[in-house]
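Novice: For the record, the sequence lines run as chains A and B.
Read left to right, the first sequence gives residues 10 to 159 (this note's numbering).
Read left to right, the second sequence gives residues -6 to 426 (this note's numbering).
Any given hint could be a false lead.
[Said to hold, decoys possible] Between beta-carbon pairs, the in silico distance windows are:
{"#": "1", "chain 1": "A", "residue 1": "147", "chain 2": "B", "residue 2": "198", "range": "44 to 54 angstroms"}
{"#": "2", "chain 1": "A", "residue 1": "126", "chain 2": "B", "residue 2": "210", "range": "48 to 58 angstroms"}
{"#": "3", "chain 1": "A", "residue 1": "157", "chain 2": "B", "residue 2": "406", "range": "15 to 25 angstroms"}
{"#": "4", "chain 1": "A", "residue 1": "71", "chain 2": "B", "residue 2": "317", "range": "44 to 54 angstroms"}
By construction, these hints were calculated from the structure, which means they are not laboratory data.
Glycine included, each C-beta is placed from N, C-alpha and C at the ideal position.
So the chains spell out like this:
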Amino acid sequence: MKCHCIFRKTKADSFEHFIFSFIKYFLQMKTLSSGKLGKIQNRHNPAPSQQTGFPSAATHYTEPSIDLHKELVLNRDATFFARIEGDELEEFDIQDGDVLIIDRSLSAVSNRLALTIVDGEFTVLRIPKKQVGSEFILWGIITYIIHYVQ
Amino acid sequence: MIALVDCNSFYASCEQVFRPDLWGTPVVVLSNNDGCVIAANKEAKALSEIPMFEPVFKIKKQLTDNNVTFFSSNYTLYGEMSQRVMNVLKTFSPQVEIYSIDEAFVDFSGMKYSSLKDYGHCIRKTVYRSTGLPVGVGIASTKVLAKLANKISKKYAHINNNVYVIDTEEKRIKALKWAKIKDVWGIGGKHTKRLQNIGVFTAYEFTQLPEEWVRKNMTVVGVRIWNELRGTSCIEFKTLPKPRKGIATAKSFGKKLEDLGMIMEACSYYISEVTEILRAQKSCATYLQVFLHTNYFSDRDKQYSKSITITLAMPTCDTFVLIYEAKKALELIYKPGYRYKKVGVCLSGIIPQEYVQGNLFHAPPKWNKNELLKTFDAINKKYGKSTVFSALVGTRVKEWELIKEDRSPRYTTQWKELLKVKTKKNLQKTEGF
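With the rest of the complex left out, here is chain A:
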């Protein structure tokens, strides 16, 4: 049934394109901006019932518990972590000791927070609307800030 929907929806200009989108749908995948395929979560985790007495009603509904690395890091090969030293980034809600998750594969969309290089030094800034004439080299897009709450 679901397959039919795809077939009708996709105006595939080539057969290959159709196959590709089918496989993508079938394996529950999505395309990352780097062109890499990432797996969508919500995986199935079948295991026999652990109860010695009455079998658990949850048997067919078990899922693996949340793994933050899987949630926060979409493209492992392009993701790096960095630790902030200093208090001058309060305007971005970044505090001393925070850890940034940086994805190098993401595009420089305006207004996103990014780790850049200005005059040979790492600098955190928001990507300006007009990128022409700006003097920074993009190192990576900041996707999350990990902050320890005192």
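Assemble chain B onto chain A, guided by the hints.
Specialist: Structure of chain B alone, referenced to chain A:
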């Protein structure tokens, strides 16, 4: 078509990714124990005074005079960055042969593409964007030609932007005429001399030799290269490495050691390292070689070196059995009164675990049922190298271990060594964009 993707001055580039202040400046990486320069970036190579593979103490002044930044080797970082590059390459083709830490062959056969050159640029850009590492791409119909194309891509990087494709007969011949015989992948120093003696100086002249001559003088290996250069692919594509036939480790001590106890601890540590690999590839070793030597370069010290090979009663991969054997071996070759620089171990006669034969007294052990070793490996895998170790390894590792004075942080594998970003006051200027 096959692409050879290779990272530009890989070790130095890995260091530079995390050090933008060093972009465009000379960087070199020193060998284990900070002995000599093993890698240099473009800028450092341009300084002709810096010889590669020269002991560091001889050139330290030249390095500092030229503002060269030097790093101790950080193999944890290089290994991880290499893995990332290879993972990115695997998104371009299902067939990737990892040839070395910084090189891989990517097979495009059976794939549709409109422009190989564009695809090459796409690979280069994606690798750079994901990992920050610059790569060169050479594409051709065979491995040897791809290697050659890669060389051209590097040599003429300013024209072709690190991507070169040999896709026509004209380009192939032009490349062959350009390549010196010693630059051809697989032709070593001995064959280079022999070929030069008969007047063969370029790869093109080599391909013009009769096949019979090549077969007679350079064996079937030479014929393969000869064929590959002529555009006939005959070196197979391997996606898995062959299991290793010999596993060795030998590292210089951080300082000279005289005491047998300390040397034995180092030796046991190396045994633990090699047996881990042995078990990971599910094999056993038949022979164990242990060697020990003093510093050849020192004129003041008395010199001594000795090696001993033991045939094990039964091939094994048991860390504790091998440590015990190594201890006995070391006691045989150790002589007091010398200042030792290096101890090394080498396992050979490596066979798959299931091929181990029993002897008159013992049945072959069932390695997958050895709970001690399984638990041992599982703990070390979960909690880190040397969480549990044989008592003979001891706790004085720091005292004999290699010196790595200027090692960079392990940015990608250690939470405590993350990349540091210092914040600055004058951030307001960025808002003006």
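Novice: Are the hints correct? Go through all of them and say.
Specialist: Hints and how they fare:
{"no.": "1", "hint": "A:147 <-> B:198: 44 to 54 angstroms", "result": "holds (48 angstroms)"}
{"no.": "2", "hint": "A:126 <-> B:210: 48 to 58 angstroms", "result": "holds (54 angstroms)"}
{"no.": "3", "hint": "A:157 <-> B:406: 15 to 25 angstroms", "result": "holds (21 angstroms)"}
{"no.": "4", "hint": "A:71 <-> B:317: 44 to 54 angstroms", "result": "holds (46 angstroms)"}
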